[in-house]
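Student: Listed below are the residues making up each chain.
Protein chains: 2
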Amino acid sequence: MAEGLRERKKRQTRQYISDVATGLFLERGFEAVTVAEIAAAADVSVNTVYNYFPAKEDLFFDRSAGVTDRLARWIRGRDAGESAARAVLRELRGEVEAVSPRVGLMEGYDRFMRVIHAAPALRSRLWSLQQEIHDNVAAALREETGAGAEDPLPDLIAGQVCWVHEAVFVTIGREMVAGRKPAEVSREVLALLDDIEDLLSEKVLNYAVRGAL
Amino acid sequence: MAEGLRERKKRQTRQYISDVATGLFLERGFEAVTVAEIAAAADVSVNTVYNYFPAKEDLFFDRSAGVTDRLARWIRGRDAGESAARAVLRELRGEVEAVSPRVGLMEGYDRFMRVIHAAPALRSRLWSLQQEIHDNVAAALREETGAGAEDPLPDLIAGQVCWVHEAVFVTIGREMVAGRKPAEVSREVLALLDDIEDLLSEKVLNYAVRGAL
DNA sequence: CTGAAAACTTGGGGTGATCGCAAAATTGCA
DNA sequence: TGCAATTTTGCGATCACCCCAAGTTTTCAG
Numbered sequence: 057m058a059e060g061l062r063e064r065k066k067r068q069t070r071q072y073i074s075d076v077a078t079g080l081f082l083e084r085g086f087e088a089v090t091v092a093e094i095a096a097a098a099d100v101s102v103n104t105v106y107n108y109f110p111a112k113e114d115l116f117f118d119r120s121a122g123v124t125d126r127l128a129r130w131i132r133g134r135d136a137g138e139s140a141a142r143a144v145l146r147e148l149r150g151e152v153e154a155v156s157p158r159v160g161l162m163e164g165y166d167r168f169m170r171v172i173h174a175a176p177a178l179r180s181r182l183w184s185l186q187q188e189i190h191d192n193v194a195a196a197l198r199e200e201t202g203a204g205a206e207d208p209l210p211d212l213i214a215g216q217v218c219w220v221h222e223a224v225f226v227t228i229g230r231e232m233v234a235g236r237k238p239a240e241v242s243r244e245v246l247a248l249l250d251d252i253e254d255l256l257s258e259k260v261l262n263y264a265v266r267g268a269l
Numbered sequence: 057m058a059e060g061l062r063e064r065k066k067r068q069t070r071q072y073i074s075d076v077a078t079g080l081f082l083e084r085g086f087e088a089v090t091v092a093e094i095a096a097a098a099d100v101s102v103n104t105v106y107n108y109f110p111a112k113e114d115l116f117f118d119r120s121a122g123v124t125d126r127l128a129r130w131i132r133g134r135d136a137g138e139s140a141a142r143a144v145l146r147e148l149r150g151e152v153e154a155v156s157p158r159v160g161l162m163e164g165y166d167r168f169m170r171v172i173h174a175a176p177a178l179r180s181r182l183w184s185l186q187q188e189i190h191d192n193v194a195a196a197l198r199e200e201t202g203a204g205a206e207d208p209l210p211d212l213i214a215g216q217v218c219w220v221h222e223a224v225f226v227t228i229g230r231e232m233v234a235g236r237k238p239a240e241v242s243r244e245v246l247a248l249l250d251d252i253e254d255l256l257s258e259k260v261l262n263y264a265v266r267g268a269l
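Protein chains in written order, with the numbering used here: chain A, 57 to 269; chain B, 57 to 269.
Careful: at least some of the hints might be erroneous.
For chains that are exact copies, the list does not tell them apart, and a pair is met inside one copy or across any two.
[Claimed, not checked] 20 Å max Cα-Cα, derived SDA-like pairs, lysine to any residue: (1) K259 to L249; (2) K66 to E258; (3) K65 to A97; (4) K65 to G235; (5) K237 to R129; (6) K237 to E206; (7) K259 to G150; (8) K237 to D118; (9) K237 to P208; (10) K259 to R142; (11) K259 to A247; (12) K259 to G79.
The set of hints was computed from the structure by calculation and includes no laboratory data.
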């Protein structure tokens, strides 16, 4: 039951437009493709495109929904006795070890990164996604620790955790663009994660331990 | 010898346009002011504005030249026996303690921040400035330590150092916008710097010690 | 099954940033 | 003073994005 034909059609249309757009972007780059072209290729009007997507960049990042709260989710789901930072490290290691496409370890990810790299608008959108991730992590830490609004620690720890995340993603992006194989990069990033953990202080590594007062 | 009248006039024109623009931005916000208005107010053509500034945002951030390599300069100028991170902490403490306008501790800085906050294009430019800072720091660390291109440490440490810098600036911005007095914020940020230092690992605090092998 | 309300799409008409070009005004210097 | 280099400007165009009013389609009550 539930959603009527209307809802379904909307979802389909939206998905279709996004797919068509992404295809064009991967083929010719972000800036070389005009919204009018996308509309034409998707057989809708330009206005319809803007009905679904607030900005051109959203056509590209549509599939990355759910990424912005992944870190926060990992933290909220940390094991008993585990800190926020260690949970994130563990989950990251898991994804990297599994050569998961969720962290960009997949054939063809380099095309994606190259498009982003060449378009300032897309890079800028990426930064804003990271800002969102940071805010979500800080909010999660605040809730999990019950810290007050004037306590600077949740924000600081969030910064550290996001630094871990960023370092991993920047490296994966760079190596993939350099043409390396996912399995190779996986091994390398696993080593990087050890370096990263080494650079975290005990304070960070033991913040928000589940079960601790 | 030296620069002719032509050079001087160019400099003046550029400065004048930037000043006029900044005035309008502070008065009415970034997006509410059109480039055509700026041109009219500065009594030049729109094309002339674009001759001097590649984009509208550059009109706003023109005065912040030299900020992008400040961290790197601090690092290169660290004392004998001092690490990169400690040099940055020391310099930051100095600026904050001196209630220096260079770190935003000045009357009226809140207007500046508010304009930035309200304009996505400006925020995005800020991120790109931080990216530059990061790259400069990483480059400085690489040179100072003689680390190879495949060594991930300079990048990681640069991330940590920039995290320090960012945390300080975000806090100053937030508190200034909240209407606090520079002297108050100074005291508070000094305390924050202690918290920050506490969160840095020994590895980070002892990276690139001048004089060490 | 039917007609009106609700939701979606479209066309048309802007605004504003930004670029390229070629003419026109300025300035440096012989 | 007059030519050559440099700037400034006007004009036209592209493209993202917005707003509104006029279709169209879907929903749903009756």
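Student: Given identical chains, is K237 near E206, meaning Cα to Cα at most 20 Å, within a copy, between copies, both, or neither?
Tutor: between (46 Å within a copy, 17 Å between copies)
Student: Quick one: K237 to R129, C-alpha cut-off 20 Å, is that within a copy, between copies, both, or neither?
Tutor: So K237 and R129 fail the 20 Å test inside a copy (29 Å) and across (38 Å) alike.
Student: Quick one: K237 to P208, C-alpha cut-off 20 Å, is that within a copy, between copies, both, or neither?
Tutor: between (41 Å within a copy, 19 Å between copies)
Student: Could you figure out if K259 and G79 sit no more than 20 Å apart (CA to CA) within one copy, between two copies, both or neither?
Tutor: Answer is neither; intra-copy 45 Å and inter-copy 45 Å both fail.
Student: When Cα atoms must be at most 20 Å apart, do K259 and R142 count as within-copy, between-copy, both, or neither?
Tutor: For K259 and R142, the Cα distance is within 20 Å both inside one copy (12 Å) and across copies (18 Å).
Student: Between K66 and E258, at a C-alpha cutoff of 20 Å, which is it: within one copy, between copies, both, or neither?
Tutor: neither (49 Å within a copy, 54 Å between copies)
Student: Cα distance capped at 20 Å. Does K65 pair with A97 within a copy, between copies, both, or neither?
Tutor: Within one copy, since 18 Å is at most 20 Å while 50 Å is not.
Student: Can you tell me if K259 and A247 fall within 20 Å by alpha carbon in one copy, between copies, both or neither?
Tutor: between (22 Å within a copy, 17 Å between copies)
Student: With identical chains, the pair K259 and L249 could be close in the same copy or across copies; at 20 Å between alpha carbons, which is it: within, between, both, or neither?
Tutor: Result: close both inside a copy and across copies, 18 Å intra and 15 Å inter.
Student: Quick one: K65 to G235, C-alpha cut-off 20 Å, is that within a copy, between copies, both, or neither?
Tutor: Neither. Shortest intra-copy (39 Å) and inter-copy (49 Å) distances fail the 20 Å Cα cut-off.
Student: First find the shortest C-alpha distance between K259 and G150 inside one copy, then the shortest across copies, and answer within, between, both or neither for a cut-off of 20 Å.
Tutor: neither (23 Å within a copy, 25 Å between copies)
Student: With identical chains treated as interchangeable, where does the CA-CA distance between K237 and D118 reach 20 Å or less: within a copy, between copies, both, or neither?
Tutor: For K237 and D118, neither the intra-copy (26 Å) nor the inter-copy (42 Å) Cα distance is at most 20 Å.
In summary, the numbered hints that this structure violates are 2, 4, 5, 7, 8 and 12.
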